Amino acid sequence: MLALSIPFTVNAQTSSTTNGKQIVNRLNEVVVNRNTTVQRQMIENTQMGKTEIPVSALLKVPAIAGEADIIKALQLTPGVKKGTEGSIGMYVRGGSNDQNLILLDGAPIYNAGHLLGFFSVFNNATLNNVQLYKSSFPARYGGRLSSVLDVHTKEASLNDHHAQLNIGTISSSGCVQLPVIKDKVSLMLAGRRTYIDKVMKNVPYHFHDINTKLFYKINTANRLYLSIYSGRDILKTNNLDRKNKEEDNRIQTGMNLGNNTASLRWNHMSASGKTVADFTVYHSAFRYNMSGKMTTNQVSVRSSIRDIGANADFKLSVFNKHKTGIGISIVNHYFNPNIVNSNGPLVERFGNTNGQKIWNNEAAVYINDEFALTNQWQVMAGVRFSGTATSHKTYINPEPRIGLRYKLTDNSAIKTSYARMVQYLHMVSGSSVALPTDLWYPVTANIKPGISDQVSAGYYYYLQDKNISFSAEVYYKWLRNLCEYKEGAMLMLNNNYEKELVTGKGNSYGLELMLSKTSGKLTGWLGYSLSYANRQFDSLNGGKKYFARYDRRHDLSLVLMYDISKSWSIGLTNTYATGTPFTGQTGQYIVPSPGFTGFEAMSAYTGRNELRMSASFRTDADIQYKFNITKRIKADAHLSIYNIFNRTQPYAVQRVWDESKKTYKYQQKGLFGTITAASLNINI
Amino acid sequence: MFASCEKDIDVKVPDYKPLLVLNSNTEVDDTIRVTVGKSEGILNYKTGHNLSVNNAIVQLYSGSNLLETMKYDSASGTYNSKTIAVEGEKYTLKVNAPGYAEASAATIAPAFVPIAGIQRIKNARINQDQQQQDELRITFNDPPTKGDYYIISIMVTGIGPDSNSNSYSSCVNTIDASVEGISSDEPDQNTCIDSRWIFTRDDLFNGKTKELRLFMESYFFDNNRAAGSPEIVLQHVTEDYFKFQKTYRFAADNNGNPFAEPTNVYTNIKNGYGVFSVLSYDVAEIK
Numbered sequence: 001m002l003a004l005s006i007p008f009t010v011n012a013q014t015s016s017t018t019n020g021k022q023i024v025n026r027l028n029e030v031v032v033n034r035n036t037t038v039q040r041q042m043i044e045n046t047q048m049g050k051t052e053i054p055v056s057a058l059l060k061v062p063a064i065a066g067e068a069d070i071i072k073a074l075q076l077t078p079g080v081k082k083g084t085e086g087s088i089g090m091y092v093r094g095g096s097n098d099q100n101l102i103l104l105d106g107a108p109i110y111n112a113g114h115l116l117g118f119f120s121v122f123n124n125a126t127l128n129n130v131q132l133y134k135s136s137f138p139a140r141y142g143g144r145l146s147s148v149l150d151v152h153t154k155e156a157s158l159n160d161h162h163a164q165l166n167i168g169t170i171s172s173s174g175c176v177q178l179p180v181i182k183d184k185v186s187l188m189l190a191g192r193r194t195y196i197d198k199v200m201k202n203v204p205y206h207f208h209d210i211n212t213k214l215f216y217k218i219n220t221a222n223r224l225y226l227s228i229y230s231g232r233d234i235l236k237t238n239n240l241d242r243k244n245k246e247e248d249n250r251i252q253t254g255m256n257l258g259n260n261t262a263s264l265r266w267n268h269m270s271a272s273g274k275t276v277a278d279f280t281v282y283h284s285a286f287r288y289n290m291s292g293k294m295t296t297n298q299v300s301v302r303s304s305i306r307d308i309g310a311n312a313d314f315k316l317s318v319f320n321k322h323k324t325g326i327g328i329s330i331v332n333h334y335f336n337p338n339i340v341n342s343n344g345p346l347v348e349r350f351g352n353t354n355g356q357k358i359w360n361n362e363a364a365v366y367i368n369d370e371f372a373l374t375n376q377w378q379v380m381a382g383v384r385f386s387g388t389a390t391s392h393k394t395y396i397n398p399e400p401r402i403g404l405r406y407k408l409t410d411n412s413a414i415k416t417s418y419a420r421m422v423q424y425l426h427m428v429s430g431s432s433v434a435l436p437t438d439l440w441y442p443v444t445a446n447i448k449p450g451i452s453d454q455v456s457a458g459y460y461y462y463l464q465d466k467n468i469s470f471s472a473e474v475y476y477k478w479l480r481n482l483c484e485y486k487e488g489a490m491l492m493l494n495n496n497y498e499k500e501l502v503t504g505k506g507n508s509y510g511l512e513l514m515l516s517k518t519s520g521k522l523t524g525w526l527g528y529s530l531s532y533a534n535r536q537f538d539s540l541n542g543g544k545k546y547f548a549r550y551d552r553r554h555d556l557s558l559v560l561m562y563d564i565s566k567s568w569s570i571g572l573t574n575t576y577a578t579g580t581p582f583t584g585q586t587g588q589y590i591v592p593s594p595g596f597t598g599f600e601a602m603s604a605y606t607g608r609n610e611l612r613m614s615a616s617f618r619t620d621a622d623i624q625y626k627f628n629i630t631k632r633i634k635a636d637a638h639l640s641i642y643n644i645f646n647r648t649q650p651y652a653v654q655r656v657w658d659e660s661k662k663t664y665k666y667q668q669k670g671l672f673g674t675i676t677a678a679s680l681n682i683n684i
Numbered sequence: 001m002f003a004s005c006e007k008d009i010d011v012k013v014p015d016y017k018p019l020l021v022l023n024s025n026t027e028v029d030d031t032i033r034v035t036v037g038k039s040e041g042i043l044n045y046k047t048g049h050n051l052s053v054n055n056a057i058v059q060l061y062s063g064s065n066l067l068e069t070m071k072y073d074s075a076s077g078t079y080n081s082k083t084i085a086v087e088g089e090k091y092t093l094k095v096n097a098p099g100y101a102e103a104s105a106a107t108i109a110p111a112f113v114p115i116a117g118i119q120r121i122k123n124a125r126i127n128q129d130q131q132q133q134d135e136l137r138i139t140f141n142d143p144p145t146k147g148d149y150y151i152i153s154i155m156v157t158g159i160g161p162d163s164n165s166n167s168y169s170s171c172v173n174t175i176d177a178s179v180e181g182i183s184s185d186e187p188d189q190n191t192c193i194d195s196r197w198i199f200t201r202d203d204l205f206n207g208k209t210k211e212l213r214l215f216m217e218s219y220f221f222d223n224n225r226a227a228g229s230p231e232i233v234l235q236h237v238t239e240d241y242f243k244f245q246k247t248y249r250f251a252a253d254n255n256g257n258p259f260a261e262p263t264n265v266y267t268n269i270k271n272g273y274g275v276f277s278v279l280s281y282d283v284a285e286i287k
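Those sequence lines, one after another, are chains P and G.
Residues in the first sequence are numbered consecutively from 1, following my numbering.
Residues in the second sequence are numbered consecutively from 1, following my numbering.
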């Protein structure tokens, strides 16, 4: 709900990778000074809950192993809770991870993580613009309950060459931008790869990403963009049995998963400049394949989800003081979970199946209008009608969106908004761990679409001459038709998923405060959120309400960036977060076996998520040194220290036997201690 | 580069107050007996702790009338009464022990439901593992009142609810919608249901003659003949015992499973754990 601009300073490097011309077709945005514009819009328009991260600011935020990540940077903003320490899970305003619509150049990404979710699929070298919506959703967005993360990659300059090389501890990436036909066609080509497998031969794992973007300027009124992304996580072991060295005893395990997306957008601007149309067709697919082989035993399990969709969006400024958006979208979802191939003796256990093949069509139309009633009052009203057809039932849902702004002074405003979102597919995670193999399920006649209703209100203040802004927002969100696995559900190899799911409801509410400074030697922000997230399922936890998995009461982030000189700067991040809840065993007792032939120990647990891990506190730092290799080649070197004070960042709790005290104790494990890493970015 | 990152947790675990644990599942026409134990906080657990309670005052009521104070038998470790459980009677148990809150529970002894018939059809189908299966058709007459719960066991030896330690069991498949799995309420025709624990209730057949159709691999009936005759036990149980056994089985099946959300075993004991109930059962041999 915070309209937030994270501070950044345009420098030679970042300006070289930002083509202002590319953005002029975005109505309502004027790219003159992005800091000022975004901050000013926070006062001027009705939009709430929008977070925008300039990529240059991202690069200054200290990161684990020096691998800056856009989603981890977003986790430092109010309202976005992290999941497991170090992971890219986003839990926005009490929502779950599947309630985030993640778009890459208009194509949805179904699994935004690499390396079990510790890195996002976004290669920083390719990013142009990142926007996160947490409330007051524009009507053009739909399909998820809690947030929209809209990521746009760079379009290469039509008349200039650029190259960027980022060398990191875990991965390296490169990006080349070049005009193919001067003033007509340009190409951006980028790649990223980890090299753990090259350094440590016993870790045969790597991930890679390839991004391509072709930009064709047909004429001043028409532009064409083709964006293609492909990413893979690959694990392939081939362990020889050391004892007998026989080929047949080789144990081979494999994992291959990743996303492929492609989107083609035609952008048209009318001669008057009052109408902008975007026509997009896209394809998005996520697949995973896990396999194992030993002697004649072989089994592989595959699942996939694929979207083919099209959008038409029109932005109109034909009526005085009105900014109108209308559009239509249609998408075909294809789900094919649990394809099993096995041979040898494993056939008996796993069998062979092509899995279920499910097709779903989803469509939406919307209209949205923002207009000024007076100088003080600004109104946004819109509605989105969405629907989907399953084999036995058709769902159609109106999704009203309303926003209101009242300008108190030239520098301050209050706003309120209401938005309904509907989600026609669910991803359900296993109860205790989140894996890339978590499956997406479409709605059916029995599994209804998820619905969220969110009201929010806020106060905004902007001191333009100091570039200091402050916002305070409160929200309340109702969630309906949420899905969870029933207790004891079969998580894999199950072709009748409906039986394994239960539906329930939830709510979340909270307060978010944000103070940011966007110019000067010292920039940064202080963010705080007080939040509550609850769930209630009739068949879970005895029907009693319980805390959501990543409910954290307090979240505090302080991010400071200081330019010591033209060459040196330092970034410092401090975060504090209440521990996440978990279900713990508090007692035990014994029960006689039937017939009193013996006794069995039974555990007494707390209610679901009744206990909490300890709070986490972490300080990270990044020291940056900028220098010129040649007149044209510029570089910045980073030394980053993650978790300076080596405090345990809790991610799991285990009950273990304490041999010295001859009793049990709880032990909390942290994933990462202090990690020092260096990276180098070179811009040509 | 990577520093150590593990420490003992600082978790605010609420102070654990131990509770009494009562267990009794008497058969109709048998004397009522109860075991009394105690729970303990997991962080106070010590090996070798004796979790039984032998100084409790265990009082048995019929309705609100005190029938007797049950006596502790150190040989069996149970509190025994002279009261014989009679079907349709309501019994209440109140247990007090020094240092514990009073634990209490009530139950109504269910009626005897005889097995009306058993039919075995050999080689009725081939299952997904390409194994021959026989079909068992078990019939019984459900009482007219709603809310009857049954647990059916098919075993070779160790017949009866009082003994299953040396029994042989197998997978049961069914397409009967009234049969409930432990982890899934609607097992399909390929779900392996432990033949010792087939749960069903009369929601779909209240007051009617129920024919339960089950499939088991043929070898189960013939290969185990040396150990004994396969038999069916039809237990008519209380709702409390039904829920207790389902959750107990679920907890046992998922012990150590990191994917399963931990859940408590159902109890009908107020201020305690365990289950107090009475059941009736019938046994029949499968020819």
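In case anyone wonders, no lab produced these hints; they're calculated from the structure.
Computed from a predicted model, the values in this text were never measured in an experiment.
Be aware that a few hints might be false.
As the list claims (entries may be wrong) - Below, a list of computed lysine to aspartate or glutamate pairs in the DMTMM-like style, where the Cα atoms sit at most 25 Å apart:
hint: 1; chain 1: G; residue 1: Lys46; chain 2: P; residue 2: Glu600
hint: 2; chain 1: G; residue 1: Lys94; chain 2: G; residue 2: Asp176
hint: 3; chain 1: P; residue 1: Lys499; chain 2: G; residue 2: Glu27
hint: 4; chain 1: P; residue 1: Lys545; chain 2: G; residue 2: Asp30
hint: 5; chain 1: P; residue 1: Lys499; chain 2: G; residue 2: Glu102
hint: 6; chain 1: P; residue 1: Lys499; chain 2: G; residue 2: Asp15
hint: 7; chain 1: G; residue 1: Lys17; chain 2: P; residue 2: Glu610
hint: 8; chain 1: P; residue 1: Lys486; chain 2: G; residue 2: Asp30
hint: 9; chain 1: P; residue 1: Lys357; chain 2: G; residue 2: Asp129
hint: 10; chain 1: P; residue 1: Lys669; chain 2: G; residue 2: Asp194
hint: 11; chain 1: P; residue 1: Lys499; chain 2: G; residue 2: Asp194
hint: 12; chain 1: G; residue 1: Lys243; chain 2: P; residue 2: Glu500
hint: 13; chain 1: G; residue 1: Lys243; chain 2: P; residue 2: Asp538
hint: 14; chain 1: G; residue 1: Lys146; chain 2: P; residue 2: Asp538
hint: 15; chain 1: G; residue 1: Lys94; chain 2: P; residue 2: Glu498
hint: 16; chain 1: P; residue 1: Lys486; chain 2: G; residue 2: Asp15
hint: 17; chain 1: G; residue 1: Lys243; chain 2: P; residue 2: Glu52
hint: 18; chain 1: G; residue 1: Lys270; chain 2: G; residue 2: Asp134
hint: 19; chain 1: P; residue 1: Lys486; chain 2: G; residue 2: Asp202
hint: 20; chain 1: G; residue 1: Lys71; chain 2: G; residue 2: Asp15
Evaluation of the provided hints:
1. G:Lys46 / P:Glu600: Roughly 16 Å between the alpha carbons, so the hint for Lys46 (chain G) and Glu600 (chain P) holds.
2. G:Lys94 / G:Asp176: violated (40 Å)
3. P:Lys499 / G:Glu27: violated (35 Å)
4. P:Lys545 / G:Asp30: Distance ~42 Å between Lys545 (chain P) and Asp30 (chain G) Cα, so the pair is violated.
5. P:Lys499 / G:Glu102: violated (40 Å)
6. P:Lys499 / G:Asp15: violated (38 Å)
7. G:Lys17 / P:Glu610: This hinted pair holds, its Cα atoms lying about 16 Å apart.
8. P:Lys486 / G:Asp30: violated (38 Å)
9. P:Lys357 / G:Asp129: Holds. Lys357 (chain P) to Asp129 (chain G) sits at ~23 Å (cutoff 25 Å).
10. P:Lys669 / G:Asp194: Distance ~37 Å between Lys669 (chain P) and Asp194 (chain G) Cα, so the pair is violated.
11. P:Lys499 / G:Asp194: holds (19 Å)
12. G:Lys243 / P:Glu500: Since the Cα atoms of Lys243 (chain G) and Glu500 (chain P) sit roughly 19 Å apart, the hinted pair holds (cutoff 25 Å).
13. G:Lys243 / P:Asp538: holds (16 Å)
14. G:Lys146 / P:Asp538: Holds, at about 22 Å.
15. G:Lys94 / P:Glu498: With Cα atoms ~43 Å apart, Lys94 (chain G) and Glu498 (chain P) exceed 25 Å; violated.
16. P:Lys486 / G:Asp15: violated (30 Å)
17. G:Lys243 / P:Glu52: Roughly 52 Å separates the two Cα atoms, so the pair is violated.
18. G:Lys270 / G:Asp134: Not OK: Lys270 (chain G) and Asp134 (chain G) at ~44 Å, beyond 25 Å, violated.
19. P:Lys486 / G:Asp202: The hint holds at about 23 Å.
20. G:Lys71 / G:Asp15: Since the Cα atoms of Lys71 (chain G) and Asp15 (chain G) sit roughly 32 Å apart, the hinted pair is violated (cutoff 25 Å).
Of the numbered hints given earlier, the model fails hints 2, 3, 4, 5, 6, 8, 10, 15, 16, 17, 18 and 20; all others are met.
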